[in-house]
Amino acid sequence: MDALTPAEHSASVAARDSYGRLLALLAASTGDLASAQDALADAFERALGTWPSQGVPGNPDAWLLTVARNRLRDEWKSARAQRSVPIDAARDVLADIDDLDVDAIPDRRLELLLVCAHPAIDRAVRTPLMLNTVLGFTAEQVGRAFSIPTSTMATRLVRAKKRIKATGIPFRLPDRTDLPSRMASVLEAVYGAYVIDWTTGPQDRELPSEALHLAEVLATLVPDDPEAHGLAALIELSAARASARIDPAGEFVPLAEQDPSLWDARLIARAHEHLRAAHAQGQLGRFQLEAAIQAVHCARGSEGTDWPTLLDLHRVLHAVAPSLGSGVALAAVVAEVEGPAAGLASLDALITEAGDRARRFQPAKAVRAHLLDLLGRVDEAIAAYEHAISLTHDPAERRYLSAACSRNSQLRSAQSPQKGRTGT
Amino acid sequence: MRYALLMHYREPGEGEISEEAIAEAMQAFGAYGRALESAGVLLSADVLQPSAATTTVTCRDGGLRVQDGPFAETKEALAGVFVLDVPDLDAAIGWAEKCPGAQWGVIEVRPTATAFVDGAWTR
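Which chain is which? The protein sequence lines are V and U, in order.
Just so we're aligned, residue 1 is where the first sequence starts under our numbering, counting upward by one.
Just so we're aligned, residue 1 is where the second sequence starts under our numbering, counting upward by one.
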């Protein structure tokens, strides 16, 4: 994959911005995302055909909107001509499309994000739907990001769009009473894009910035929402370390061993702007806490990491938004501050409480193996590493865990040379 | 858009529900019906008799078959149908949330595909 030049990168970002804005407008009047996407694709195609020879119009978005709108209107007219019984809706929709002011294009992307994360839409398709409609990624690109075959992803997206139209999910902001829970779903789905970033690893990614971009869009759309800023900061701080997370040989580098000079200072600074904007709202939340934790990691100076502060933040996070992930992270930090035995006790209490789910949770197993390793409980560490490896999909992380595991195996043979030969 | 709110709940046994509870439910349904009507969204509202009163009719196997009881026995039975005309799904969900049946059962919110209005099916 060739890296984009800065100019190409900003061009593609601008194109994605336009795509989401135009689609949100076109689809809002019909509720039909699929036909709005077709019309918009048509407009982009005609732009590619005419702009090189006739020059780029003064307001490219207005040009695209006009072409797409005309195409939608033609479609509605011919569909209406075939109807034996006219319905009022068709007339209303045409009026809505005609009312669009192409010179003052309003930003309706928040409504579009809310549609994608509507409670009547299957949770698993919300993030793919956002990437496809708000950022304009193809089913193939979204499928690749989720490691799902293109045809499967395309089917899911088509089904979700049909459902939006058939059930009448509105392209408008919900009532004030419903808004907080609906925004929580939007944040959750944007967070979903960030999670795929990590699981597939930055190496083989073709859409390196989708979560980043979605989060930035969201924070722009709801500047008063502290959690939207918190989420943007969280994703930026994690993305800032992406290039340090894999060494030149393609091997996984854990946070503690990463070279801070490889971190992206511009992204870190941007994240701090978001954190300041969030704190100004004076309302703490899960994503702000997660971002604050990442900020402490990124502030690692010559004296090393500020573990006591991290421990406080992790305790608050686990109290505000308890999850397996927050519990495992808390145990890992307890180990740093109070020693591996205390960390292991905290982790085992969590695993006992969560039961089966925790036994299949890769981070729990990986942290447990590491703590047993630190405690010198070699046999248990080997077993735990093997279990963790069986749950790990990221190749670089698998290799890292395998190396730790074989180091323990060698240790065991060195300690008791005959042990390996016992048994039948 | 037209939506049907389909109430489903477990049918209570004879005498399982006290007189007071029945009176309370009737009052709640009364208020709900009036709210739907004054909002101008109500097309029809029917609360059904228990499924024991159902007769199932089919001709799909050739001749006429009339069966005593519902087509399929389920734990939760269809108990009522409200047909509303509201702008969108959020409005329909809002009315479903206010339906007294949501307190002890589930409300299925189903958009109408086509309806017979003024002598023809809408398209």
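The reader is advised that the hints may include incorrect statements.
To be verified - Below are the SDA-like pairs computed for lysine to any residue, each with C-alpha atoms no more than 20 Å apart in a straight line: (1) V:LYS162 with U:ALA77; (2) V:LYS165 with V:GLU75; (3) V:LYS165 with U:ALA113; (4) V:LYS165 with U:ARG123; (5) V:LYS162 with U:ARG110; (6) V:LYS77 with U:VAL109; (7) V:LYS165 with U:VAL109; (8) V:LYS165 with U:ARG2.
Unchecked claim - Sample of chain V residues at the chain U side, in silico, Cβ under 10 Å: (9) ALA120; (10) ASP122; (11) ILE164; (12) ALA166.
Hints are computed from structural coordinates only; laboratory data are not their basis.
Owing to the predicted nature of the structure, the values given are computational and were not obtained by experimental measurement.
C-beta: ideal position from N, C-alpha, C; glycine also.
Each hint tested on the structure:
| no. | hint | in the structure |
| --- | --- | --- |
| 1 | V:LYS162 with U:ALA77 | 28 Å, violated |
| 2 | V:LYS165 with V:GLU75 | 16 Å, holds |
| 3 | V:LYS165 with U:ALA113 | 12 Å, holds |
| 4 | V:LYS165 with U:ARG123 | 15 Å, holds |
| 5 | V:LYS162 with U:ARG110 | 14 Å, holds |
| 6 | V:LYS77 with U:VAL109 | 30 Å, violated |
| 7 | V:LYS165 with U:VAL109 | 14 Å, holds |
| 8 | V:LYS165 with U:ARG2 | 13 Å, holds |
| 9 | ALA120 | 6 Å, holds |
| 10 | ASP122 | 15 Å, violated |
| 11 | ILE164 | 9 Å, holds |
| 12 | ALA166 | 6 Å, holds |
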